[in-house]
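Number of protein chains: 2
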Amino acid sequence: MFSPLIEELIRALRCLPSVGPKSAQRMAMYLLEKDPDAAVLLARSLTQAVEKVGRCNQCRILTEEVVCALCNNSRREQAFLCVVETPADVLAIEQAGNYHGRYFVLHGHLSPIDGIGPEDLGISLLEQRLANEPLQELIVATNPTVEGEATAHYIAECARAHGVAVSRIAHGVPIGGELEYIDGGTLAHAFHSRTAFFPAAE
Amino acid sequence: MFSPLIEELIRALRCLPSVGPKSAQRMAMYLLEKDPDAAVLLARSLTQAVEKVGRCNQCRILTEEVVCALCNNSRREQAFLCVVETPADVLAIEQAGNYHGRYFVLHGHLSPIDGIGPEDLGISLLEQRLANEPLQELIVATNPTVEGEATAHYIAECARAHGVAVSRIAHGVPIGGELEYIDGGTLAHAFHSRTAFFPAAE
Numbered sequence: 001m002f003s004p005l006i007e008e009l010i011r012a013l014r015c016l017p018s019v020g021p022k023s024a025q026r027m028a029m030y031l032l033e034k035d036p037d038a039a040v041l042l043a044r045s046l047t048q049a050v051e052k053v054g055r056c057n058q059c060r061i062l063t064e065e066v067v068c069a070l071c072n073n074s075r076r077e078q079a080f081l082c083v084v085e086t087p088a089d090v091l092a093i094e095q096a097g098n099y100h101g102r103y104f105v106l107h108g109h110l111s112p113i114d115g116i117g118p119e120d121l122g123i124s125l126l127e128q129r130l131a132n133e134p135l136q137e138l139i140v141a142t143n144p145t146v147e148g149e150a151t152a153h154y155i156a157e158c159a160r161a162h163g164v165a166v167s168r169i170a171h172g173v174p175i176g177g178e179l180e181y182i183d184g185g186t187l188a189h190a191f192h193s194r195t196a197f198f199p200a201a202e
Numbered sequence: 001m002f003s004p005l006i007e008e009l010i011r012a013l014r015c016l017p018s019v020g021p022k023s024a025q026r027m028a029m030y031l032l033e034k035d036p037d038a039a040v041l042l043a044r045s046l047t048q049a050v051e052k053v054g055r056c057n058q059c060r061i062l063t064e065e066v067v068c069a070l071c072n073n074s075r076r077e078q079a080f081l082c083v084v085e086t087p088a089d090v091l092a093i094e095q096a097g098n099y100h101g102r103y104f105v106l107h108g109h110l111s112p113i114d115g116i117g118p119e120d121l122g123i124s125l126l127e128q129r130l131a132n133e134p135l136q137e138l139i140v141a142t143n144p145t146v147e148g149e150a151t152a153h154y155i156a157e158c159a160r161a162h163g164v165a166v167s168r169i170a171h172g173v174p175i176g177g178e179l180e181y182i183d184g185g186t187l188a189h190a191f192h193s194r195t196a197f198f199p200a201a202e
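Chain order of the listed sequences is A and B. Under UniProt numbering, the residue at position 86 of the first sequence is numbered 86, and the numbers go up by one with no gaps. Under UniProt numbering, the residue at position 69 of the second sequence is numbered 69, and the numbers go up by one with no gaps.
Among these hints, one or two may not hold up.
One copy or two, either will do: identical chains are not told apart, so a pair holds if it fits within one copy or between any two.
When the alpha-carbon atoms are kept at most 20 Å apart in a straight line, the in silico DMTMM-like pairs for lysine to aspartate or glutamate are as follows [claimed, not checked]:
1) Lys-52 x Asp-35
2) Lys-52 x Glu-133
3) Lys-34 x Glu-147
4) Lys-22 x Glu-94
To be clear, the hints were calculated from the coordinates, so they are not data collected in a lab. Predicted model, so just to flag it, every value in this text is computed and none were measured.
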C-alpha cells in the first residue's frame, strides 16, 4: 500500500518494544508529515548511541565512558554493592532513593536453556570486585523469578566464597497493596518470610 | 542518571507519538542492550525516508516516486476522486476495500486560526484535476469535525464551479455499534440524515 521506503520505515519502527503495525504506521506518518527534523535527530542519536555506548568497566551499566558516573562518584558508599539484572533496575532503585552504594549489572540472568552462563553475566568481574574491594555487604536484587532466584543463589555462593556478607532484598506484599488483589505466590512468600513484631531479646 | 548519549537517545525517542518518558527509556534500553542492529537499521531507514519521501505529483500522498503507485495504477477508476485529510485515511479506505477510484490528500484541513489556508492543502492542484480530468464524481471524505466540515464545504464549492458532481461520505451510527453507547451528536446527525426505507417511485 505505502511506497517501499515508507514500508521499510514502518518495518524498522516495529523493532521497538510494544510497537505493533498500527503504531509503527502512525509513527512513520507522523515523522514524515509533521516532524522530519525529529526523525533526522532520532536517526543521528540512534547511530551515535549504538556506536559509542558500551559497558562500564566496573559495573557493566550502559555508558559511553570507560567508568560510569555512578562508579566514579566518590560519595557513593564503597561498602555496599547491589547486583541487578538490567540497567533499568538501577534506575528504579535510584529513583527510590534510599540506597547509596554501588551497583553491578548482570545484563540478564542464568538461563542454561538459552545458553546463558556465568561468563555472560560478567561473574568473573564480580568475583574480582569481591576479592579486591573493601565490601561489607553484597545485596542481591535480581528479579523474584525462577531464573532470578537461581542467579541470586549462584551469586550468594560466590560472595560466601570470598567471605563477603550477602543479602537478598525482601519480597512480599507491595506497600500500599491490598491483600485482596495480591497473587497467591506472593502471599505465600509473604507468610513464609514473615518477621517477628518484637524480635526476641538476645 | 543515564550517560549523556543515552539521555539524548531517550529524548529523541520521545518525539514519537504516544511515547512517554518510561516507554522511551524502555525502548532505548532495549535497542542498546538487545538489538543494536535494529537500531542501526532504524536510523538508516529514518534518514533515507526523510531524504527521499516527498509527495505524489498528482494526489499528494507520501511517496518517494514522482507519481505514486495508486495514481499510476491504470485499473483504478478514473471517474472517481476521493479527497481525504491524511495518508492514513487513504490506507483505512483501501483496507475497507470497496472504493476503486483515486485519491487526493490534503495533508490537513482548513484552519484559519493556525494559518492553514487553501494553498497549504494543495487546492490549486485539486482544481487543476477538476478542470482537466474526466471526473464523474468527487467524494469528500474529510473528518466529521468542525474544520473537516468547513474544508468539505470549501471543496464542494470548487467542484461545483468546475461542474463536477460532489458527494460527502455518510456519517451516523457505525455498523455493529449499539445505540446505547453512541454519543448524542452522532445520534442527532443519524436522525437528521435518515434515509427513506422505500424511496418514493419517481
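Is the C-alpha distance from Lys-22 to Glu-94 at most 20 Å within one copy, between copies, in both cases, or in neither? Close across copies (15 Å), not inside one copy (35 Å); limit 20 Å.
When no copy is specified for Lys-34 and Glu-147, does a C-alpha distance of 20 Å or less occur within a copy, between copies, both, or neither? For Lys-34 and Glu-147, only the inter-copy Cα distance (18 Å) is at most 20 Å; the intra-copy one is 44 Å.
Checking an output row: Lys-52 and Asp-35, CA cutoff 20 Å. Within, between, both or neither? between (26 Å within a copy, 15 Å between copies)
Reference check for the pair Lys-52 and Glu-133, CA-CA at most 20 Å: within, between, both, or neither? neither (28 Å within a copy, 55 Å between copies)
Violated hints amount to a single one, hint 2; each of the other numbered hints is respected by the structure.
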